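Protein chains in written order, with the working numbering: chain A, 1 to 412; chain B, 1 to 412.
Since the hints were made in silico from the structure, they are not lab data.
Note that this is a predicted model, so its numbers are computed, not measured.
Fair warning: there could be bad hints in the mix.
Copies of the same chain look alike in the list, so a pair counts if it fits in one copy or across any two.
[What the hints assert, rightly or not] Straight-line alpha carbon distances no greater than 30 Å define the calculated BS3-like cross-link-like pairs of lysine-lysine that follow:
1. 391 with 100
2. 194 with 154
3. 391 with 154
4. 154 with 212
5. 233 with 154
6. 212 with 391
7. 212 with 100
8. 391 with 163
9. 54 with 144
Number of protein chains: 2
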Amino acid sequence: MNCEIIAVGTELLLGDIVNTNGQYISQRLSSLGLDVYHHTVVGDNLDRLVEAIKIASSRADVIITTGGLGPTDDDITKLGVAKALGVELSLDETSLKRIKDRFSRYGRPMPAINERQAYIPIGSRAIDNDNGTAPGIIGEYDSKIYISLPGPPKEMRPMFEEKIVPYLKQKSKHVIKSHTLKVIGIGESALQEKLGDIMTNQTNPTIALYAKEGEVHIRITAKDEDISEADDKIKEVKNKILNVLGMNVYGYNDDTLESVVNNLLQEKRMTIAFAESCTGGMISSRFTDIPNASISFINGVVCYSNEAKVNILGVNRDTIEKYGAVSMETAEEMAYCIKKISNTDIGLSITGIAGPSGGTESKPVGLCYIGIAFDDQVKVYSSVFNGNRNKIRWLATTKALDILRRNILEIK
Amino acid sequence: MNCEIIAVGTELLLGDIVNTNGQYISQRLSSLGLDVYHHTVVGDNLDRLVEAIKIASSRADVIITTGGLGPTDDDITKLGVAKALGVELSLDETSLKRIKDRFSRYGRPMPAINERQAYIPIGSRAIDNDNGTAPGIIGEYDSKIYISLPGPPKEMRPMFEEKIVPYLKQKSKHVIKSHTLKVIGIGESALQEKLGDIMTNQTNPTIALYAKEGEVHIRITAKDEDISEADDKIKEVKNKILNVLGMNVYGYNDDTLESVVNNLLQEKRMTIAFAESCTGGMISSRFTDIPNASISFINGVVCYSNEAKVNILGVNRDTIEKYGAVSMETAEEMAYCIKKISNTDIGLSITGIAGPSGGTESKPVGLCYIGIAFDDQVKVYSSVFNGNRNKIRWLATTKALDILRRNILEIK
Chain A
1 MNCEIIAVGT ELLLGDIVNT NGQYISQRLS SLGLDVYHHT VVGDNLDRLV
51 EAIKIASSRA DVIITTGGLG PTDDDITKLG VAKALGVELS LDETSLKRIK
101 DRFSRYGRPM PAINERQAYI PIGSRAIDND NGTAPGIIGE YDSKIYISLP
151 GPPKEMRPMF EEKIVPYLKQ KSKHVIKSHT LKVIGIGESA LQEKLGDIMT
201 NQTNPTIALY AKEGEVHIRI TAKDEDISEA DDKIKEVKNK ILNVLGMNVY
251 GYNDDTLESV VNNLLQEKRM TIAFAESCTG GMISSRFTDI PNASISFING
301 VVCYSNEAKV NILGVNRDTI EKYGAVSMET AEEMAYCIKK ISNTDIGLSI
351 TGIAGPSGGT ESKPVGLCYI GIAFDDQVKV YSSVFNGNRN KIRWLATTKA
401 LDILRRNILE IK
Chain B
1 MNCEIIAVGT ELLLGDIVNT NGQYISQRLS SLGLDVYHHT VVGDNLDRLV
51 EAIKIASSRA DVIITTGGLG PTDDDITKLG VAKALGVELS LDETSLKRIK
101 DRFSRYGRPM PAINERQAYI PIGSRAIDND NGTAPGIIGE YDSKIYISLP
151 GPPKEMRPMF EEKIVPYLKQ KSKHVIKSHT LKVIGIGESA LQEKLGDIMT
201 NQTNPTIALY AKEGEVHIRI TAKDEDISEA DDKIKEVKNK ILNVLGMNVY
251 GYNDDTLESV VNNLLQEKRM TIAFAESCTG GMISSRFTDI PNASISFING
301 VVCYSNEAKV NILGVNRDTI EKYGAVSMET AEEMAYCIKK ISNTDIGLSI
351 TGIAGPSGGT ESKPVGLCYI GIAFDDQVKV YSSVFNGNRN KIRWLATTKA
401 LDILRRNILE IK
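The shape of chain A in the complex, shown without the other chains:
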């Protein structure tokens, strides 16, 4: 079955928003083994929408629209689908009741205008929306499938996952299973070279590499009529890759570097504190994105000025004056001091030059020192990162998290 995704909304054509719905649905359809051959974006214009649906019907088996299900005059998707199919809209009483109930839960009567959201093309069925008022639609006409989803991602995504994925799986003979390995410390080209033998002529499962900022993801996708056969296929390839990459694989699927480090700290019942200069709070902020970070994360100091490094952390003023704020020696003291003043098991420090200015020949923009203090030792690592200010900050925090991971893994 091949699919076309039609996003409806003038705001997309003005460039006010980007078509993330198209991307999301494409990713998910591809993981279900369904081909997507076209994306189309049209504005809130009935004639052009009807035309786009007719063109899609001529070339796709599954036509999925997003957006245009709201209650105002601008919201024309259902009318467009109905016109393209040559059917009328009719009131769906169940949907009307759900919309009214939703308003009454918020203690308000349903505005008359919202009744329009309960109309659906004759021959389609409404799909409940648990996160908004607009129901979705599924209809089958002339052996083609028409699906309409709301535009806001927080309504579209749960509806797609909970209602559309099970429906599409029923329509497909094959099971598709995917497994993602997350890799750090080795670039995409080097990875491709290392995995050359495993990847060559590999067709089921397929192996795909995705370069992310500072890491690479490897997606293994198997297709089979039997789910455990698909799992076995994935496992075999996964083990081959792990043999080659070892410690460079930091996690799987939904794991993030932050969550992996946090889990390791909690397993080993260790606490941590960060002293950051050039990254300006970014590593603390990334780490505390994780809901239960407070179990292991005690304290962070963003010692942006030399005064802060001396007065708050307790770094020796002489060290900074002699070696500079961006130096192996200062990074070492920062890591030692943050561990000491925070009374944690581990202290981690970052000092560097994020740019765009401030670089010299011997200390270029992008140079960062990362220090880690634990037990009675302090290790310092140096790197030079390429990119603009924000990319350098991101890569430095990513590298620091990976240094943490590798060191914690070695701690008994």
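Position chain B relative to chain A; hints supplied.
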């Protein structure tokens, strides 16, 4: 003139990347007064590309493709354009020389495969690419314009700005000017209500509202044959809006809340330090995104644990025990203490419950206290933010930046 943007690339249909080129070009075309009626995405498949170009030719005056100009077999855009137009490709010697020169600058001979990039449809002209090997194309056939741009944004954007914008401006009679007002402290619906009289029946300039996370942007767009007439039109509407919104307008165009606060601090030669709990380093990180933040930003403490609040900041342990870590009293002391230990003009504190757990009936998830200490006073503000953990953290830091802005403006 109406335009269609065709993005070429299987990676878009797999959902590996999102069509940011479509968004970027749409924004720019709209600011030039050109309408975009369709976006299309097709994969690296010649037949489907030719068909898509033919469909676009039947409904648009300007057809812009992105992607598919590389040297490999997958790169089929120029062939697709040529086939759709019924012309042949021919070698462009100037482009070939540029490609060879580019390789020789890197001390390498041009691989034979790259010669393909110098072929263009007969009747088109090549557009130099200053950031890569693939030249772009402009051609006029049957009073329609065909433009092909490379896929990587770092090549596409400069080419679009430097080569395509001047070309399209020549083709258009009108000047389009836009001006954006950035608004905080008032939601989209309330804003719409307040601006009702100004917005009703307003056609030139047009006024459009864009809700962002924690703020709203108002874009005023004027169209005129004369540039200073367009400027005057914008100015008139802008002044009307400023009269209604006053202090809620924090900046214009490229201003960010961070840059506005940073500029105010530098104007008044004031220094600042942050003490954050629930936001975990995010306000420090946002503030230090600005290249010259180090002039005003001295220090940040991410006092995640109570121990850190007491030991590093110097908050009274009794205050935390009596009122809780999330309380007006703790926020007040945090702001006072961070100012004192950092020896800055201003100390700002944030303490709250970012969730998803940790809320109670009297202190729900989303509750945040923001304290600001300056001169001899400390003010504390409380808010309850809605959303997931990350949204609450974002809204809390946004609110804190706005509190800073409003207070600094009042300081003599």
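Here's how the hints hold up against the structure:
With identical chains, the CA atoms of residue 391 and residue 100 are at most 30 Å apart between copies only, with a shortest distance of 28 Å across copies and 48 Å within one. For the identical chains of this complex, residue 194 and residue 154 are inter-copy neighbours only, at 28 Å across copies versus 39 Å inside a copy, given an alpha-carbon limit of 30 Å. In this assembly of identical chains, residue 391 and residue 154 lie within 30 Å of each other by CA distance both inside one copy and across copies; the values are 28 Å within and 13 Å between. Taking the shortest alpha-carbon separations for residue 154 and residue 212, both the intra-copy value of 24 Å and the inter-copy value of 15 Å come in at or below 30 Å.
Proximity of residue 233 and residue 154 under a CA criterion of 30 Å is satisfied in neither setting, with 34 Å inside one chain copy and 38 Å between copies. Within a single copy, residue 212 and residue 391 get their C-alpha atoms as close as 12 Å, and across copies as close as 23 Å, so both meet the 30 Å cut-off. Taking the shortest Cα distances, residue 212 and residue 100 sit within 30 Å of each other only across copies (29 Å), while inside one copy they are farther apart (44 Å). For a Cα distance limit of 30 Å, the shortest separation of residue 391 from residue 163 across copies, 26 Å, qualifies, whereas the shortest one inside one copy, 38 Å, does not.
For the homomeric pair residue 54 and residue 144, the shortest alpha-carbon distances inside one copy (12 Å) and between copies (24 Å) are both at most 30 Å.
Checked against the numbered hints listed earlier, the structure breaks hint 5 alone; every other hint is satisfied.
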